[in-house]
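Participant: All chains should be modelled from the sequences, with the hints used to inform the complete structure.
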Amino acid sequence: MRPLTDDETKVLFEKLAKYIGRNIVHLIDRPDEPYCFRLQKDRVYYVREEIMRKATAVGRRNLVALGVCFGKFTKTGKFRLHITALSYLAQYAKYKVWIKPNGEMPFLYGNHVVKAHIGRVTEDIPEHQGVVVLNMADVPLGFGVSARSTVDMRKVDPTGITVFHQADNGEYLREEDTLF
Amino acid sequence: MDVSGILEEHKSRLRPVQVDRLIPVDHDLGSLAGFDINMLNDAALQTDTDAREAYLQSLSREGTQLLVNELFSLPTVVDDDSVYAALPKRTTVLPREKPVPKEKEMTRWEKFAKIKGIQKRKRGAMVFDEAQGEWRPRFGFKGVNNDGQQPWLLEVPQNADQYQDQYQVRREEKKERIAKNMRRQQRNTEESAAKDVGLSPYKMRKRDLQSALVLSKGSTASMGRFDAEIKGEPRVKGLRKKRSPLVGAAGAEKSKSMDILNRVAKGDTSSTVLNVRKAQRAINNSKRAAGSSGGRDGGNKRKGSGKR
Chain P
1 MRPLTDDETK VLFEKLAKYI GRNIVHLIDR PDEPYCFRLQ KDRVYYVREE IMRKATAVGR
61 RNLVALGVCF GKFTKTGKFR LHITALSYLA QYAKYKVWIK PNGEMPFLYG NHVVKAHIGR
121 VTEDIPEHQG VVVLNMADVP LGFGVSARST VDMRKVDPTG ITVFHQADNG EYLREEDTLF
Chain C
1 MDVSGILEEH KSRLRPVQVD RLIPVDHDLG SLAGFDINML NDAALQTDTD AREAYLQSLS
61 REGTQLLVNE LFSLPTVVDD DSVYAALPKR TTVLPREKPV PKEKEMTRWE KFAKIKGIQK
121 RKRGAMVFDE AQGEWRPRFG FKGVNNDGQQ PWLLEVPQNA DQYQDQYQVR REEKKERIAK
181 NMRRQQRNTE ESAAKDVGLS PYKMRKRDLQ SALVLSKGST ASMGRFDAEI KGEPRVKGLR
241 KKRSPLVGAA GAEKSKSMDI LNRVAKGDTS STVLNVRKAQ RAINNSKRAA GSSGGRDGGN
301 KRKGSGKR
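In the order they appear, the protein sequences are chains P and C.
Anchor point for the first sequence: position 98 equals 98 in UniProt numbering, and the numbering is continuous, going up by one each time.
Anchor point for the second sequence: position 1 equals 1 in UniProt numbering, and the numbering is continuous, going up by one each time.
Wrong hints could be hidden among the right ones.
Said to hold, decoys possible - A few chain C residues that face chain P, going by a derived Cβ cut-off under 8 Å, partial list only:
no., residue
1, R243
2, S244
3, L246
4, V247
5, E253
6, K254
7, S257
8, M258
9, I260
10, L261
11, V264
12, A265
No wet-lab data here; the hints were simulated from the structure.
The C-beta atom is built at its ideal place from N, Cα and C for all residues, glycine as well.
Facilitator: Okay, structure coming up:
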C-alpha cells in the first residue's frame with residue numbers, strides 16, 4: 001500500500017472527472033472524516049484515513065483490500081474504473097441515464113444501452129462523456145460512456161446504441177474472481 | 001522686559017533632563033551602551049497596547065537621556081569648528097564571533113621529540129672542515145656528509161657472498177632507506193588528512209579504497225555491467241525514487257490532490273514529471289528548425305545581393 005504518485009493521481013482524477021466533474025472535491029475534502037486514495041497491487045482504494053493508518057500494520061503481500069476499490073491501473077498506466085466505485089459515482093454523477101424495466105436485464109448482462117430502453121436522460125450530455133445508468137426506481141445499475149449527445153440521441157433509431165457499456169452490477173457475479 | 005513667562009513656557013515644552021532611577025544605571029561609554037537593572041513596571045506592561053507603547057517609549061527615552069547626560073560629562077576637545085568628547089575604552093567584554101582556534105595537533109616527530117626531550121636547535125648550513133681548512137656545506141653538493149660515501153675499498157663481510165658487488169649492496173640499501181622514509185612521510189600525511197576529516201586513518205583508507213574500487217569497476221566498456229563480483233564489494237547506492245510518505249502530515253496529501261485536481265479541471269494534461277530526454281530532444285529539434293530557417297534567409301539575402 002502506498003499513496004499515489006502525482007502522475008497516477010492525475011490519471012485517476014482525469015478519469016473520475018469524466019463522470020463526476022468537479023465533484024471530486026467532495027471526495028477529497030469531506031466534512032465528516034478525512035479520506036484518501038491508496039494504491040495496493042495496482043488497485044486504487046478510497047479509504048478512510050483512520051482505517052488506512054491501521055492497515056499500515058499489514059504487509060503489502062498480506063493486505064488483500066481496504067476501503068472501497070475504485071479501479072485499477074493497467075500495465076500501460078491507464079486507469080480503469082471498477083463497478084465497486086458505482087456508489088460514489090452515482091452520488092456525484094453529472095450525467096445520468098434512466099433505463100426502462102425491459103432494458104435492465106440486457107444492460108446487467110453487459111450489453112450497451114440502446115435507444116429503445118432509455119426512459120429518461122439528463123439534459124446536455126456531451127458525446128463520449130461518462131454517464132451513470134439507473135433504473136426507473138433510481139437504483140444505480142452501472143455506468144458507461146455516452147455514444148451521442150442528448151440532442152443526437154433523439155435522432156437515433158430505436159436499436160441504435162446510445163450508451164457504451166463500461167461496468168454494471170452483473171460484474172459482481174461475472175467477474176467475481178478477478179474483480180477484487 | 002519680563003521674559004520669565006516665555007522661558008517657563010519653553011521649559012514646560014521640553015522634557016526634564018534629570019532622570020531618577022532607584023538603582024543607578026551602569027554605562028559603558030566606549031560602546032555607547034547603558035545597562036539598566038531597575039525593575040520594569042509590570043502593571044504598565046500588561047495594559048493595552050497604547051499605554052504599553054507609551055511606557056516603553058518613555059523608558060527608552062529616559063535611558064537615552066541618561067546616556068547623553070553621561071556623554072556630556074566627558075572631557076571635551078575643542079577643534080576649529082566642533083567639540084569632541086573622547087570616549088573611554090569599552091569595558092564590556094563581548095563574546096568572540098568565531099570559536100577559539102583548535103590547538104595544532106603534534107606531528108609524529110614532535111611527539112617523539114617531546115618524549116625523548118629532544119630540543120630544536122639551529123644549525124648553520126655551513127660547517128668548517130678542519131682537514132681542508134675551509135667552510136663547506138653540511139650536505140648536498142660538495143657537502144661534508146658525502147665524505148666517505150664512496151670509499152675506494154670495501155671490505156666483504158665474513159658471511160656474505162664473495163662475488164657480490166658490495167658497492168651495489170650499499171646503493172640498494174640507500175635506496176631502501178629512502179623508500180622507507182617516503183612511506184613514512186606518506187603515512188604521516190594520510191594520518192593528518194584523516195584527522196582533519198575526523199576519521200580514524202584506517203576508516204579513511206578504507207573509504208578511499210572503496211570509492212576507488214567503485215570508480216575502477218565502472219570504468220570498463222560496459223560500465224562494469226559484466227564484471228565478476230568481488231567478495232565484500234561495497235554496494236553502490238543508486239538513485240531512489242522519492243515517494244510521498246505512507247502516512248503524511250494532516251492536510252498535506254489533501255492539498256496536494258487539490259492542486260492536481262485544479263490542474264486537471266483546467267485541462268492541463270502535461271505530465272507532472274519532466275522527461276528530461278524528451279525535453280532535450282524537443283529543444284534540439286526547435287533549435288535545428290530555427291537554424292535551418294535562418295540558413296534559408298541567408299540564401300535569400302545572397303540571391304538579393306546577386307541581383308543588385
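Participant: Hints first: check each against the structure and report whether it holds.
Facilitator: These are the hints, each one checked on the structure:
no.: 1; hint: R243; result: holds, 6 Å
no.: 2; hint: S244; result: holds, 5 Å
no.: 3; hint: L246; result: holds, 6 Å
no.: 4; hint: V247; result: holds, 6 Å
no.: 5; hint: E253; result: holds, 6 Å
no.: 6; hint: K254; result: holds, 6 Å
no.: 7; hint: S257; result: holds, 5 Å
no.: 8; hint: M258; result: holds, 6 Å
no.: 9; hint: I260; result: holds, 5 Å
no.: 10; hint: L261; result: holds, 5 Å
no.: 11; hint: V264; result: holds, 4 Å
no.: 12; hint: A265; result: holds, 6 Å
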